[in-house]
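Throw the hints in and build the complete structure from the sequences for me.
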Amino acid sequence: MKELLWLIPAWPLAGALILILGGHRMSRTLATLVGAGSVGLSALITLLIGFAFLSAPEPFDQHLWTWMAIGNFQPSFAFHLDALSMIFLFVITFVGFLIHIYSSEFMAGDEGFARFFAYLNLFVCSMLILVLADNLLLLYLGWEGVGLCSYLLIGFWYQEEKNGYAARKAFIVTRVGDTAMAIGLFILFQTFGTLHIQSLLQQAPQAWSVGDQTALLVGFLLLGGAVGKSAQLPLQTWLPDAMAGPSPVSALIHAATMVTAGVYLIARTHVIFELAPQAQLAVGIVGAVTLLLAGFSALTQNDLKRVLAYSTISQIGYMFLALGVGAWSAAIFHFMIHAFFKALLFLGAGAIILVLHHEHDMFKMGGLRHKLPVIYGTFLIGAASLAAIPLVTGGFYSKDQILWLAWAGERGNVLLYLAALFGAFITSVYTFRMVFVTFFGAEHSHVSHPVGKAMLTPLVVLAVLSTLAGFLELPHTLGHVTIFSDFLSPVLPAVNVRPDAESMELLFQVIAAVVALSGVGLAYYLYVLKPDLPSKIKEEIPGLHHLWFVGWGFDALYDTLLVRPFVYIAKVNKHDVLDKFYTGLVTVAEFFHRALAYTQSGMMRWYVMGIVIGAILMLTIGLIL
Amino acid sequence: MILPALIIFLLAGGILAWSAEKINASYPKWIALAVLAIYLVVMGSLWSAENTTALTGGSWKVHFMKPWIPQFGVSFHLALDGLSLLMLLLTFFLGMAAVLISWKEIQNRVGFFYFNMLWVLAGISGVFLAMDLFLFYFFWEMMLIPMYFLIGIWGHENRRYAAYKFFIFTQASGLLMLLAVLGMYFVHGATAGEYTFDYFAWLGTPLSTQTGRWLMLGFLAAFIVKLPVVPFHSWLPDAHAEAPTAGSVILAGLLLKTGAYGLIRFVVPLFPEASHYFAPVLMGLGVLGILYGAILAFAQTDIKRLVAYTSVSHMGFVMLGVFAFNEVAMKGVVMQMITHGISTGALFILAGVLYERIHTRDINHMGGFWPQVPFMGTMGLVFAMASLGLPGLGNFVAEILTLLGAWQANHTLTILATVGLVAATAYSLRIVQKIFLGKPEHHYTLPDLSGREKLILVPLVVAIVWLGLFPQAVMQQVDQPAKAGTAQTQVTTSGLLVNQHVKGGEHDPK
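The listed protein sequences derive, respectively, from chains A and B. To convert, note that position 565 of the first sequence is 565 in full-length UniProt numbering; the numbers rise steadily by one, no gaps. To convert, note that position 351 of the second sequence is 351 in full-length UniProt numbering; the numbers rise steadily by one, no gaps.
Each hint should be verified, as a subset may be incorrect.
What the hints assert, rightly or not - Pairs of lysine to any residue residues, derived as SDA-like cross-links and limited to a Cα-Cα distance of at most 20 Å, are as follows: (1) Lys580/A / Phe232/B; (2) Lys580/A / Tyr161/B; (3) Lys439/B / Gln159/A; (4) Lys453/A / Leu33/A; (5) Lys162/A / Gly438/B; (6) Lys22/B / Ala12/B; (7) Lys364/A / His444/A; (8) Lys580/A / Arg160/B; (9) Lys104/B / Glu356/B; (10) Lys574/A / Phe232/B; (11) Lys439/B / Gly112/A; (12) Lys574/A / Asn158/B; (13) Lys571/A / Leu291/B; (14) Lys574/A / Tyr161/B; (15) Lys574/A / Leu562/A; (16) Lys162/A / Asn364/B; (17) Lys571/A / Pro231/B; (18) Lys574/A / Asp302/B; (19) Lys580/A / Leu288/B; (20) Lys454/B / Gly22/A; (21) Lys104/B / Ser450/B; (22) Lys538/A / Phe363/A; (23) Lys571/A / Val422/B.
These are calculated hints, taken from the structure and not from any lab test.
Given below as structure tokens:
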């Protein structure tokens with residue numbers, strides 16, 4: 001059964017090719033059938049392989065063909081299936097399939113219907129290659145492939161100039177990170193002569209001792225790639241703008257899958273980070289700082305999708321934090337739960353925006369819980385998971401694990417813990433601010449049409465998943481289920497809890513629960529009980545509010561430091577200053593040409609005078625010498 | 001006999017095309033197309049030929065030698081190995097594309113146009129085959145004159161200026177090479193006692209440090225102007241922008257590659273010591289080209305100038321890779337020569353296709369074309385992605401291998417070159433944005449690609465994807481181990497470098 005592995009990325013690729021080549025001649029039904037069907041088939045095969053994998057959980061390698069062969073350096077089109085890639089496969093194909101279904105209704109009125117599905121299929125294929133690749137070069141192919149699709153889909157409505165700008169920004173900013181990653185690959189190749197991931201992971205501990213300088217450098221460079229793709233500090237600026245794309249795109253690419261590629265990369269190469277403790281600590285710090293900064297920004301946004309975008313940055317910050325303290329499995333667990341609930345929230349938001357005539361500002365919504373009950377219900381479940389409402393949500397279990405290990409893990413650290421805890425409070429405030437403003441209070445706008453089944457069904461399924469999936473991993477104090485971490489344990493080592501901390505777990509859970517609930521309480525107080533208060537607070541601190549609103553001014557900073565100087569230099573030098581040298585030569589030559597031609601006047605007097613002066617000069621020189 | 005026949009029939013085809021114009025104006029293009037198609041097939045049949053002829057420095061699939069001016073040691077010496085074969089296939093493949101793209105564009109003096117085109121291609125083929133330096137110089141100059149006519153007669157508004165500039169730059173640098181060729185002739189003659197222009201005789205000639213360096217610089221001058229390397233690049237944007245589409249395709253796709261070929265075939269093997277000595281500077285110039293070309297490309301508003309500067313940028317990788325002296329980088333360079341020829345050729349073809357429809361090259365007068373020309377847009381997207389080095393397309397293989405290899409030689413320069421990839425993203429996306437995306441503010445009626453245009457572009461897309469996914473087939477061509485035993489065991493063409501590199505001795509970059 002595992003031999004069918006190659007089909008998982010092949011189906012969406014075939015779908016993309018069919019839609020690119022023949023999409024314009026297809027009916028919408030047929031295009032949907034190809035687009036969603038191909039991903040559905042992948043999901044089905046993933047399921048089959050998943051069962052086979054559960055019964056025989058040893059890694060499986062599939063070699064398709066040798067990409068290039070230079071001596072012993074032979075990167076291939078070859079896949080490596082293990083528990084880590086299995087989980088990513090599940091999330092990508094299933095969430096991907098649900099989002100394809102949703103899109104068939106969401107995009108129904110769009111003239112680029114087939115093109116949309118073509119890009120979406122291509123994305124799924126690239127993402128699958130990314131997580132299946134057995135060598136870093138093929139991973140890089142998937143990595144850049146998802147970047148391309150992200151670019152194409154952010155700029156899907158290409159007639160708007162600002163969409164194109166957002167798309168290019170996303171591509172270029174992530175490419176900055178990719179450059180760092182590429183240099184990391186150069187070093188790995190020079191050191192080990194291979195880019196095969198499993199070989200690297202085996203050889204690295206032999207070649208490097210803990211704290212080795214090269215390992216450290218590689219760690220930081222890989223982190224560079226990860227922060228670009230996963231929109232972490234300092235390369236997070238592209239993600240909020242990426243919301244210019246259609247909502248299903250935000251759900252699939254900019255919440256559930258692509259933006260977590262950085263998490264995957266670090267988890268995949270965790271051996272290197274274990275050998276480079278400073279780099280790993282940097283991962284944790286990046287995560288902690290990002291989750292706070294993005295959380296504050298999320299508090300101030302009015303655009304429903306931008307709240308979710310900042311929230312995504314913040315939640316991936318949690319995953320980075322988990323990676324930074326060596327809680328590998330907790331990071332992946334949070335990735336999975338986050339994929340479910342964040343996709344759910346984006347799809348819900350998309351549905352709302354669609355039926356409100358593309359209104360994004362949530363302060364112009366209000367009172368939607370009566371008009372859109374299903375969306376309200378599922379959105380509430382997603383929001384509860386995001387805010388980590390205790391016991392009943394998946395998000396609680398996944399985030400609680402990170403909070404706990406940030407403090408109690410061997411590499412835990414009280415500062416990281418406090419950042420995460422404070423972040424959890426902010427999360428629940430901005431999440432329920434969003435819920436209350438959108439669904440409660442007075443109605444400000446008119447719902448144009450009911451939402452159909454193709455859009456509602458994925459919401460319901462995701463709501464169920466984001467709740468139930470949490471029970472795959474329960475803490476000691478609450479049932480002690482470790483299905484998820486056991487599944488991952490052959491790939492990712494378990495984190496050890498400091499012995500002195502073990503007894504405190506319940507206390508920390510109560511703290512986390514109280515923090516989450518008090519955040520909801522604060523949001524209720526501010527946006528339901530005293531709806532005038534927030535704007536007063538805003539007037540009290542206009543500077544800070546603005547700073548948060550614009551995402552801490554990173555855009556302006558990069559604009560001043562990098563973008564404008566580059567554009568300026570390019571503009572000034574449009575005509576290539578080096579060419580001036582050659583045109584200068586021509587000018588000099590022409591000058592002498594003209595000067596000498598001028599002496600050839602045809603007038604006898606001038607010639608005679610010339611001869612006389614010349615003769616006198618010669619004689620004088622002759623006499624002097 | 002296949003090698004001299006190749007060149008002779010190209011020349012004869014040119015004359016035939018010119019004279020056939022008198023009978024019917026549409027004959028010349030058919031003749032040109034047929035000649036090139038035949039040769040594409042003939043060369044293709046050599047694909048799996050084994051390297052049977054062993055000569056110093058490598059082994060060769062096909063070899064031909066006849067004395068030409070025996071008094072001076074000049075012979076008509078041609079040889080074909082994997083590298084030459086790849087270059088010739090590229091020549092005929094792009095040559096056919098160039099003929100097809102001129103099908104309607106060229107209405108004036110048609111016969112003479114195709115005559116020039118075939119003669120340029122004959123010169124290029126000669127350059128890729130000549131193993132006698134006198135003959136090499138002869139072909140090198142032979143490329144120049146027909147190209148001068150192609151630009152000067154059928155070009156755009158400023159064609160005279162561009163043609164002169166092209167001619168003077170190439171000619172001046174070519175003369176330096178001639179001096180170096182003659183210098184080498186006498187130096188080799190004095191030491192070996194036998195005066196000859198033969199490449200294989202020249203290999204391994206002991207040279208004093210100073211002589212070697214001066215002679216190398218002479219050769220280098222011709223090749224780095226042709227490649228081009230900043231700061232000798234400024235003929236290129238003018239020539240590329242002003243040439244007719246076919247001219248731009250041949251210039252970018254093939255003429256630039258003769259410079260790269262010269263570096264690989266002549267500069268490094270003949271002057272290993274000097275090459276190692278100058279390597280850091282030359283790699284540095286390569287990186288300068290990558291970055292400087294990219295910044296210039298970003299600023300351009302003339303689509304053809306833009307693409308021209310991207311060539312400057314991409315050819316920087318050739319310098320970086322050749323002087324990194326290792327096999328990985330070398331393979332990257334060979335891939336770069338081929339993939340850049342295809343992707344940039346395709347971008348010039350798209351520029352030509354657009355020009356035929358809207359009669360401007362100014363991207364500020366374009367925008368929002370996608371809904372009208374989705375097929376063309378898709379093509380544009382593919383080649384823009386190739387140009388920014390998207391994995392899955394051939395250019396990625398070329399650039400990543402070059403960088404992986406260059407890293408072993410010089411870290412700082414490789415980092416800077418890698419930064420160039422970000423700049424490449426900026427200008428490539430700008431192409432797509434400015435032409436195809438945005439609001440359609442200028443009211444043109446644009447028909448999408450015609451059947452003939454698809455016939456040109458679709459094979460180019462297939463080729464670039466194929467090279468991206470299965471580059472091994474091509475790269476194998478340059479590392480078939482020698483079948484017949486030579487003094488050096490396991491000599492490979494790219495191993496040519498590796499062996500010479502051993503001779504470079506203490507300059508080992510590792």
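Legend entry - Numbered hints the structure breaks, given as an ascending list: none
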